[in-house]
Amino acid sequence: SQQGEEDPQALSIQEGENATMNCSYKTSINNLQWYRQNSGRGLVHLILIRSNEREKHSGRLRVTLDTSKKSSSLLITASRAADTASYFCATHSGSARQLTFGSGTQLTVLP
Amino acid sequence: SAVISQKPSRDICQRGTSLTIQCQVDSQVTMMFWYRQQPGQSLTLIATANQGSEATYESGFVIDKFPISRPNLTFSTLTVSNMSPEDSSIYLCSVQVGSETQYFGPGTRLLVL
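Chains as they are written, first to last, in the working numbering: chain A, 1 to 111; chain B, 1001 to 1113.
It should be emphasised that the hints constitute simulated quantities derived from the structure, not laboratory data. We put the beta carbon where it would ideally sit given N, CA and C, even for glycine. Among the hints, erroneous ones may be present.
As the list claims (entries may be wrong) - Per label pair, the in silico range of CB-to-CB distance:
| # | chain 1 | residue 1 | chain 2 | residue 2 | range |
| --- | --- | --- | --- | --- | --- |
| 1 | B | Cys1013 | A | Arg54 | 27 to 33 Å |
| 2 | A | Ser51 | B | Gln1041 | 22 to 28 Å |
| 3 | B | Arg1015 | A | Gln9 | 30 to 36 Å |
| 4 | B | Asn1072 | A | Ser24 | 35 to 41 Å |
| 5 | B | Ser1005 | A | Gln9 | 27 to 33 Å |
| 6 | A | Arg54 | B | Pro1067 | 41 to 47 Å |
| 7 | A | Asp7 | B | Thr1017 | 36 to 42 Å |
| 8 | B | Pro1039 | A | Lys69 | 29 to 35 Å |
| 9 | B | Pro1039 | A | Glu5 | 35 to 41 Å |
| 10 | A | Glu53 | B | Gln1041 | 27 to 33 Å |
| 11 | A | Ser39 | B | Thr1017 | 25 to 31 Å |
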């Protein structure tokens, strides 16, 4: 079953604006990963944040993790039309090797 | 990182038939995973495929319906057996590199009529 919920389910913004997506999960984690999926294709790994980290940056991406609230956020700054995609968080827990995915956020960036 | 390919990329099948999906990785990996993504939904793990042993299936998925092979460290197949329209999904394989990051193949879009 899915561990996480993401909100919003859908987000529509203008090019150049920032986009923030949130992810909540239920159990303790080793790490949390964010993925992007374009039009039902494969998933592209964006960023991984470990349970002992609070914030991580990669280019225009900023991820935060609050383990006390069991939540994470993904911020995309200065969005582009090419950022239009579905974004999923996925958690890695305990000794399990598989990922448990959130419900996803559909981001639309309007030119 | 890892480069993963899947065949076929898409297929349209008749109910009652079976389809075998192939997943090829450009490097040797211990753990491979098969996920299903139903239309408009998130990903659900079907099974974990380890080389040289039986696949480990998640609750709700059984070997008779989704037999998996893992003959070596770079290749795996997933068969969707006796298909029905409810099996229409994207099927994705993934591999774990190191201890944390998983990389995904491009997926196989299956439509069952």
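> Hint by hint, which ones does this structure get wrong, listed from lowest number up?
Replying inline: The structure conflicts with hints 1, 9, although it agrees with all the remaining ones.
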